[in-house]
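Order-wise, the sequence lines are chains R and G. Yeah, the first sequence ends on 251 if you go by my numbering, and it's all consecutive. Yeah, the second sequence ends on 632 if you go by my numbering, and it's all consecutive.
Quick caveat, the hints were computed from the structure, so don't treat them as lab data. Some hints here could point you the wrong way.
Calculated cross-link-like contacts (lysine-lysine; reagent style DSS-like; alpha-carbon spacing at most 30 angstroms) [claimed, not checked]: (1) R:Lys135 <-> R:Lys178; (2) G:Lys452 <-> R:Lys181; (3) R:Lys59 <-> G:Lys553; (4) R:Lys124 <-> G:Lys262; (5) G:Lys262 <-> R:Lys139; (6) R:Lys124 <-> G:Lys554; (7) R:Lys87 <-> G:Lys563; (8) G:Lys629 <-> G:Lys553; (9) G:Lys309 <-> G:Lys597; (10) G:Lys12 <-> G:Lys104; (11) R:Lys139 <-> G:Lys12; (12) R:Lys59 <-> G:Lys563; (13) G:Lys553 <-> R:Lys135; (14) G:Lys334 <-> G:Lys490; (15) G:Lys537 <-> G:Lys257; (16) G:Lys12 <-> R:Lys34; (17) G:Lys553 <-> R:Lys3; (18) G:Lys309 <-> R:Lys87; (19) G:Lys553 <-> R:Lys78.
Computed spacing ranges between beta-carbons, pair by pair [said to hold, decoys possible]: (20) G:Ser9 <-> R:Met246: 51 to 57 angstroms; (21) R:Trp143 <-> G:Phe254: 43 to 49 angstroms; (22) G:Arg286 <-> R:Glu123: 50 to 56 angstroms; (23) R:Asn77 <-> G:Ile612: 31 to 37 angstroms; (24) G:Ile546 <-> R:Ile82: 21 to 27 angstroms; (25) R:Leu122 <-> G:Asn198: 34 to 40 angstroms; (26) R:Asp219 <-> G:Glu544: 37 to 43 angstroms; (27) G:Ala61 <-> R:Asn77: 55 to 61 angstroms.
For every residue, glycine included, the Cβ atom is placed at its ideal position computed from N, Cα and C.
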Amino acid sequence: MRKIVEVKDLVKGFGRREYETAVLKGISLDIYEKDFIAVMGPSGAGKSTLLNMLSTLDKPTRGQIILDGKDVTRADNKLLSILRRDKIGFIFQEYNLLDNMTLQDNIALPLSLNGEKSRVILEKVERMAELFGLKPHLKKYPWQLSGGQKQRGASARALITQPEIIFADEPTGALDSKSSKELLTSLRLANEEEGATILMVTHDAYTASYAKQVYMLVDGQIQSRLNSKGDRKFFYDEILQLLASMGGDRE
Amino acid sequence: MSLFGLACSNFKRSVKEYASLIIALAFSVFIFFNFQNVVFSDSMDVLENFNKDYIDMIVQAASFIFGVFLFFFIWYATDVFLSQRKREIGIYTFMGLDNVRIGKMYAIEAFLIGVFSLAAGLVFGILFSKLFQMLLLRISDISVDIRFSFSLPPVLITSVIFGIIYGIMIIKGYVSIVRSSVLSMLSDAKRQEMKNENIFLTIFKVVLGLAVLGTGYVFAINTGGLQSLVYGLLAVILVVAGTYLLYGGAIPFFIRKLTENKKFLYEKERNLWVNNLAYRIRRNYRTYGIVTVLMICSVTVLATSIALKQRYEKMIHFQEHYFCQVTAMHRLDKEQIEKGISEKNQVLYGNEISLTLLNPDVFHRERGSYGIVPCSVLKEAAKEAELDFPYEDIKEDEAVYLSHVYLMSFMEFDPNTTAEIGEESYHVLAQDDTAYLGRLQESMNIYVVSDKTYEKLKTLGLECFIYGFQIAEPENAEASRAYLDTLVEKEGDSFTVGYNMFLPDRGEMAWIPIMYSLCVFMFVTLILAAGSIIFIKLNNDAYEDIERYKILKKLGVSEDVLKRAMKHEIRFTYYCPFVLMVITSYFSVRALGNVMKTELTTVNVYSAVAIILLFFFIYLVSVRAFQKKVLK
Ligand SMILES: Nc1ncnc2c1ncn2[C@@H]1O[C@H](COP(=O)(O)OP(=O)(O)OP(=O)(O)O)[C@@H](O)[C@H]1O
Ligand SMILES: [Mg+2]
Chain R
1 MRKIVEVKDL
11 VKGFGRREYE
21 TAVLKGISLD
31 IYEKDFIAVM
41 GPSGAGKSTL
51 LNMLSTLDKP
61 TRGQIILDGK
71 DVTRADNKLL
81 SILRRDKIGF
91 IFQEYNLLDN
101 MTLQDNIALP
111 LSLNGEKSRV
121 ILEKVERMAE
131 LFGLKPHLKK
141 YPWQLSGGQK
151 QRGASARALI
161 TQPEIIFADE
171 PTGALDSKSS
181 KELLTSLRLA
191 NEEEGATILM
201 VTHDAYTASY
211 AKQVYMLVDG
221 QIQSRLNSKG
231 DRKFFYDEIL
241 QLLASMGGDR
251 E
Chain G
1 MSLFGLACSN
11 FKRSVKEYAS
21 LIIALAFSVF
31 IFFNFQNVVF
41 SDSMDVLENF
51 NKDYIDMIVQ
61 AASFIFGVFL
71 FFFIWYATDV
81 FLSQRKREIG
91 IYTFMGLDNV
101 RIGKMYAIEA
111 FLIGVFSLAA
121 GLVFGILFSK
131 LFQMLLLRIS
141 DISVDIRFSF
151 SLPPVLITSV
161 IFGIIYGIMI
171 IKGYVSIVRS
181 SVLSMLSDAK
191 RQEMKNENIF
201 LTIFKVVLGL
211 AVLGTGYVFA
221 INTGGLQSLV
231 YGLLAVILVV
241 AGTYLLYGGA
251 IPFFIRKLTE
261 NKKFLYEKER
271 NLWVNNLAYR
281 IRRNYRTYGI
291 VTVLMICSVT
301 VLATSIALKQ
311 RYEKMIHFQE
321 HYFCQVTAMH
331 RLDKEQIEKG
341 ISEKNQVLYG
351 NEISLTLLNP
361 DVFHRERGSY
371 GIVPCSVLKE
381 AAKEAELDFP
391 YEDIKEDEAV
401 YLSHVYLMSF
411 MEFDPNTTAE
421 IGEESYHVLA
431 QDDTAYLGRL
441 QESMNIYVVS
451 DKTYEKLKTL
461 GLECFIYGFQ
471 IAEPENAEAS
481 RAYLDTLVEK
491 EGDSFTVGYN
501 MFLPDRGEMA
511 WIPIMYSLCV
521 FMFVTLILAA
531 GSIIFIKLNN
541 DAYEDIERYK
551 ILKKLGVSED
561 VLKRAMKHEI
571 RFTYYCPFVL
581 MVITSYFSVR
591 ALGNVMKTEL
601 TTVNVYSAVA
611 IILLFFFIYL
621 VSVRAFQKKV
631 LK
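Modelling step: build the complete structure from the supplied sequences, incorporating the hints.
Rendered as C-alpha cells:
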C-alpha cells in the first residue's frame, strides 16, 4: 500500500510564547491509499485544528506533514496552491458551493480551472453526479438545493479531480439523518469503487461507523484507534463502547 | 436612543462607508452649480447684449441635459445606498422597530447625506468658480475680465433642483422600505434573480428591445428635415428605452446562453467570470443602462461642440470672404479699384459680378429683395475669388439658389424645388452656401441662371455690378476707407455707387465658442460620471464577492487564476456599455450632423478613442481596488 500522508510529531499551539497553549501535542500518523479514516473526539479536542494542518490551510508550530513526498509545512504559497489544486479535495461543513453558478458548473469548476478539455469535464461531472445521486439537480442553483444535496455536490466537486486525499470536516454536521446516510453511502462508494482516500472529522458515532478506521483524539493526542471488521452496525457498536469506556457522557 | 439620534450615528458611520457616493453627489452639485454660475455671471452679460435669444435657448437646452444627468446620477446613487442600507436597517426590526419607523430613519439618514453633499458641492463650487470660468473662457478664446463674483441665484437654483430630485429619491426609498417585508429586507442581498423566466417572456423582451432600439436608430438617421425635432425626440426616447430593454433582455439572455454552452464555459477561467456576469447583469442592468445613456449623451455633446466649432468657422469664413463689396449701377473699372485699394493694402483677390435686381412680384412674392446672376460670369468670378464652382452648364430652365451658412437648420433641400420667375418655372438644381457674392447672399435671394435666361430676364429688372475684394490684413481695412469713399456717387437722393466694408467683428457670434467650450466640459463631466458609476458599482460588487473568493482560495485556486477571472469580468463591465455607446453614438452623431449640416464621423472615432483611453485607466484602477478588497 502506498503511503500518502505521513505526519510526524505534530505540535500546534495558539497564542504568544509564554501564553501559548498547545492544542495538538505531538501527533504522528500515516495515511495509506484507499484509507477511510474518521477522527473523533470531544469538542475542543483539536480535531478541526488537525484537519486544517493536514489540508494545508494552517501551519503547525512544530513537526512535519509529508504529502506526496513533500513537507507541506515548508512549502511556499505557490506550491501550497498547487498541492491544494491537484492533490487535495475539501468537503466543508458549510458546503461552500458558489451561489452564482449551477450545481453542474460548481462540480466542474476545479477541472475547468485546471484547463481540462470540456468533453472530459462533462463526462466526469456526469459520473460524479451518478455516484452522488445528483443527476436530476445539475441545472439547479445552490439555493434551490437541500442541505444534503449541497453537501453531496460539494463532495462531488472534491472528488472530481481525483485527488490523492479528501479532507472533510463534520460533513454531516448540518444534515439530518437521512441526508447524512445518503452522503456517507456515496462517500463509501467513492472509497471502495473509485479508490478515494478520505479523512473526515466528526463527533458523531454513526457518521464514524461508515469509515474503516476511527482515531480517537483527546486533549491533543491520539488516544486510541479502532479498525472496522467490515460490518458497519458492528463497528458502530464498537465505537459506542469505546466512547463509553472513555467515560464519555456522549450519545 | 431617539430615531433622529440613531440616524445621526448611522450617518456618521456612513460618511466613511459611503464616501464614494457622497463624493459623487457633491461632484454633481459642483458641476451643476458651476454651470449655473457661469450663466449668471458678469462674463455672460457681456455676451447677452448681442444675442440673448440664442443664449437663452441653448442655456435652457444645456440646463435640461444637466438636469437629466443629475436625475439619473442621483437616482443611481440613492439606489445603491438604499439596497445597502436595507440589509443593515433590517436588523432593527429585531429591536422592535416597525417598517414606518425604519423608513423614517432611512429618510433622515438620506436627508443628512443629501444636505452634507449639497453643502460640500456648493462650497467647493464657489471656491472653484473663478477657475472654472477662466478655463471656460480660455477654451472659448474670449477675453473678459473675470472677477470673483458671488451671486445667490445659482446657489438657490442648484439647491432647489438637487433638493427636488433627491427628495423624490428619498420618498421612493421610504415607500420601498415601508412596503417591503422584514424577510425581504434581510435577504435583499439573497440572490433569487437567476430564477428561470418564462421563455416566451424572455423572447418577447429580447425582440422588443432590439426593435425599439432599431426604430430609434431609424428615426435618428431620418432627421434633418422639418420633422427633426419630433424625430430627434422620438429617437432619444426610443434609444433610451431600447438600451434599458437590451440590458434587461437581450444581453442577459445572450450571456445566459453562454453559460449553457459548456464547451465554451469550461475553457480558461470562464466558468468563474461568465457565471459571475450572468448572475450580476440581471441585477445591474439599470446601472449599465444609465452608464450607456450617459456615455451616448457625452459623445453627442462632444459632437455638438465640434459641430458648433465647424459651423462657426464656416460662418466666419463665409462672412469674411470679401473685406469689402462695391455696388455700382453702372460698370466700373475693376483694375482701377484694385489699384486704389492696393495703395494701403495688399489685395489677395477681387472679382466683378453682374447682378440683375428684380422686383419681388417677378417672383410672385410680396416683399424681399431678389436678384439673378448669369452662370458664366459667376464661374469666372468664382475662379478669381478662389472658390469652387461645380455647375458646368446650367440649362435654360434651371437655376441654382445661393444661400448662406446657418448655424443649424431644419430645412432639407428638396431636389424637386422650382422657382417661379416671371412667367416661367425653373428647376432649382441646388442650394449653395459658397460665398460667391459674400454677405450679399445673407440679405438677398439670389439665383444663378443660364446666360440665355439671364439675357431674357434682364429686361425685367435693373442691372448692377458687384466688385468684391479681399486683402491680406483685414485688420488694416480702415486704411483703405478713404479711397473707397472717393468711389461713392450720388444721383439726387440715391446712391449709384456705394460700398460695404465688413470689419472682423465677431461679437455677435461670441456666444458660439462659449457654447462649444461648455459642451466640452459637459463631455468630460458626463464621461467621468459614467466611469465613476461603474467604479462605484464594482466596489460594491467586491464586497459581495469576498466570501466567494475565500471559498475559491480554500479550494486551492491560485491567485493568478482569480486575478485573470476578475480582469475579464471587470473588462466586460467597461466594454459592454462602450460597444453599445459606439454603435448608438454613430446614429446620434449622424442625426446631429444632419441638422447642423456638417460631417461629424471623425467625432465618433476621436471620442471613442478618448473614452477608451479614459476607461482603460479607470479599468486599471478598478482591477487594483477590486483585487485589494477581494484577495486581501
Ligand atoms: N485560531 C485560534 N486561536 C486560538 N485558539 C484556537 C484557535 N483555533 C482553535 N483554537 C482552540 O483550539 C482548541 C481546539 O479547537 P478545534 O476547533 O480544533 O476543536 P474541535 O475538536 O474541532 O472542536 P469541535 O468538535 O467543537 O469542532 C480549542 O480550545 C480552541 O479554542
Ligand atoms: Mg471542529
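Against the structure, the hints come out as follows:
no.	hint	in the structure
1	R:Lys135 <-> R:Lys178	18 angstroms, holds
2	G:Lys452 <-> R:Lys181	107 angstroms, violated
3	R:Lys59 <-> G:Lys553	16 angstroms, holds
4	R:Lys124 <-> G:Lys262	13 angstroms, holds
5	G:Lys262 <-> R:Lys139	12 angstroms, holds
6	R:Lys124 <-> G:Lys554	22 angstroms, holds
7	R:Lys87 <-> G:Lys563	22 angstroms, holds
8	G:Lys629 <-> G:Lys553	14 angstroms, holds
9	G:Lys309 <-> G:Lys597	13 angstroms, holds
10	G:Lys12 <-> G:Lys104	17 angstroms, holds
11	R:Lys139 <-> G:Lys12	45 angstroms, violated
12	R:Lys59 <-> G:Lys563	25 angstroms, holds
13	G:Lys553 <-> R:Lys135	27 angstroms, holds
14	G:Lys334 <-> G:Lys490	19 angstroms, holds
15	G:Lys537 <-> G:Lys257	24 angstroms, holds
16	G:Lys12 <-> R:Lys34	58 angstroms, violated
17	G:Lys553 <-> R:Lys3	27 angstroms, holds
18	G:Lys309 <-> R:Lys87	67 angstroms, violated
19	G:Lys553 <-> R:Lys78	12 angstroms, holds
20	G:Ser9 <-> R:Met246: 51 to 57 angstroms	52 angstroms, holds
21	R:Trp143 <-> G:Phe254: 43 to 49 angstroms	24 angstroms, violated
22	G:Arg286 <-> R:Glu123: 50 to 56 angstroms	41 angstroms, violated
23	R:Asn77 <-> G:Ile612: 31 to 37 angstroms	35 angstroms, holds
24	G:Ile546 <-> R:Ile82: 21 to 27 angstroms	24 angstroms, holds
25	R:Leu122 <-> G:Asn198: 34 to 40 angstroms	28 angstroms, violated
26	R:Asp219 <-> G:Glu544: 37 to 43 angstroms	41 angstroms, holds
27	G:Ala61 <-> R:Asn77: 55 to 61 angstroms	58 angstroms, holds
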